[in-house]
Amino acid sequence: MRSEHKVPPSSPIGVFDSGVGGLTVLKEITRQLPGEDVIYFADTARVPYGGRAPEEIVSFNREIIPFLIKRGAKLVIMACGTSSSIAYPIIKDDYSVYLVSLIVPGAEAALAASRRGRIGVIATAGTINSGSYEKALKSLNKEIVVASQACPLFVPLVEGGLFDSDEARKAAKEYLTPLIKEKIDALVLGCTHYPHLAKVIREVVGPEVALVDPAGAAVAAAKKLLQKEGTLRTGTNPSYEYLTTADPLRFQEIGSRLLGRNIVRATQVDLPLK
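Okay, so the sequence shown: first residue is 1 according to full-length UniProt numbering, each after it adds one.
Source of the hints: derived by calculation from the structure; they are not laboratory data. Here the structure is a predicted model, which means the values were calculated and not measured. Cβ atoms here follow ideal geometry from the backbone N, Cα and C, with glycine treated the same way. Take these hints with a grain of salt, some might be off.
[Unchecked claim] Below, a list of computed lysine-lysine pairs in the BS3-like style, where the Cα atoms sit at most 30 Å apart:
hint	residue 1	residue 2
1	70	224
2	27	173
3	138	92
4	224	92
5	92	274
6	92	6
7	135	228
8	223	138
9	170	27
10	274	223
11	92	135
12	223	6
13	27	224
14	135	224
[What the hints assert, rightly or not] Label-pair distances were calculated between CB atoms; the ranges are:
hint	residue 1	residue 2	range
15	174	225	34 to 40 Å
16	253	145	38 to 44 Å
17	138	165	32 to 38 Å
18	162	236	32 to 38 Å
19	180	112	17 to 23 Å
20	262	131	38 to 44 Å
21	225	247	29 to 35 Å
22	265	54	32 to 38 Å
Can you build the whole structure from these sequences, using the hints too?
Below, the structure written as structure tokens:
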């Protein structure tokens with residue numbers, strides 16, 4: 001349903017996640033698209049998404065995406081693996097701007113990183129149950145062996161700031177040991193929260209397994225769309241607006257640690273979104 005009305009290049013990119021996980025995507029935007037303004041939306045009042053019913057995930061997306069478009073977003077990156085898996089196939093053509101999912105870019109990056117065609121996928125229960133990564137990988141190469149594992153504790157650990165903790169190590173060992181037994185050579189971090197646990201994950205899987213963060217490939221896909229539409233912004237001094245549905249000070253504290261730079265201000269918005 002994309003309209004012929006072209007948004008100006010000065011319009012921001014919209015990015016959303018259930019919480020702080022999608023800041024991995026924002027980091028990639030600052031690297032690949034340093035001139036772009038960004039509105040980052042964290043639905044922290046409803047985190048985690050991973051165990052929720054599919055219709056609930058779709059409903060949240062139908063609330064958040066129009067909200068970002070009303071605020072001027074020229075393109076929206078679904079910086080949430082669960083939303084990308086469950087909602088994107090249903091709503092991808094419903095809006096006047098492009099939506100960018102993590103799944104196909106992530107699958108392509110995993111295929112490029114794998115040497116023997118044995119790929120592990122870790123994600124929320126919602127993403128794993130949808131089979132989205134396995135389908136995307138098999139569509140690229142039907143010979144690929146895919147081993148998947150839901151990691152329900154990872155999102156609460158990241159949202160709680162416990163990136164480098166004994167709890168994180170214990171959970172990582174429990175979740176990743178079955179994948180190691182499958183002799184994977186690449187591991188898709190299929191939830192945007194998970195790269196924040198990369199150090200702990202690396203300790204468990206060892207140096208030989210390539211860790212694949214879909215964020216970089218998703219932002220590269222977004223860049224191509226902006227170039228195609230002629231809406232790439234190449235200016236300087238970009239602005240970043242942070243919106244959250246829960247405690248903004250908590251978001252600033254955890255988010256600043258994850259981004260590696262200070263989030264000076266986050267604004268709380270009330271649900272339902274208007």
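Structure-based check of each hint:
Between residue 70 and residue 224 the alpha-carbon distance is near 23 Å, which keeps this suggested pair within the 30 Å criterion. Restraint check: the Cα-Cα separation between residue 27 and residue 173 comes to about 27 Å, which is no more than 30 Å; the hinted pair holds. The straight-line distance between the Cα atoms of residue 138 and residue 92 is roughly 21 Å, inside the 30 Å bound, and the hint therefore holds. About 17 Å separates the Cα atoms of residue 224 and residue 92, which keeps this hinted pair within 30 Å; it holds.
With a CA separation close to 21 Å, the supplied pair residue 92 and residue 274 stays within the 30 Å bound. For the suggested pair residue 92 and residue 6, the alpha carbons sit about 18 Å apart, so the restraint of at most 30 Å is met. Of the supplied pair hints, the one linking residue 135 and residue 228 holds, its CA atoms being roughly 27 Å apart against a limit of 30 Å. A threshold of 30 Å between alpha carbons decides the hint, and for residue 223 with residue 138 the separation of about 25 Å falls inside it, so the pair holds.
Between residue 170 and residue 27 the CA atoms are separated by roughly 28 Å; this keeps the pair inside 30 Å, and the hint holds. Distance check on the hinted pair: residue 274 and residue 223 sit about 29 Å apart at the alpha-carbon level, within 30 Å; holds. Restraint check for residue 92 and residue 135: the C-alpha separation of about 17 Å stays at or below 30 Å, so the hint holds. With a C-alpha separation of about 16 Å, the suggested pairing of residue 223 with residue 6 holds against the 30 Å cut-off.
Proposed proximity of residue 27 and residue 224 is supported: the alpha carbons are some 18 Å apart, at most 30 Å. Straight-line distance between C-alpha atoms of residue 135 and residue 224 comes to about 24 Å, which keeps the hinted pair within the 30 Å bound. Our hint of 34 to 40 Å for residue 174 and residue 225 holds, since their Cβ atoms are close to 39 Å apart. Distance hint check: the CB atoms of residue 253 and residue 145 are about 41 Å apart, consistent with the given range 38 to 44 Å.
Between residue 138 and residue 165 the CB atoms are about 35 Å apart, so this pair conforms to the stated range of 32 to 38 Å. Checking the proposed 32 to 38 Å range against residue 162 and residue 236 shows it holds: the Cβ atoms sit about 37 Å from each other. Checked against the given bound of 17 to 23 Å, the beta carbons of residue 180 and residue 112, roughly 21 Å apart, stay inside it. Look at residue 262 against residue 131: about 40 Å separates their beta carbons, and that is inside 38 to 44 Å.
Here the CB-CB span from residue 225 to residue 247 is close to 34 Å, well matched to the stated 29 to 35 Å. Residue 265 and residue 54 have their C-beta atoms about 34 Å apart, which keeps the hinted 32 to 38 Å range intact.
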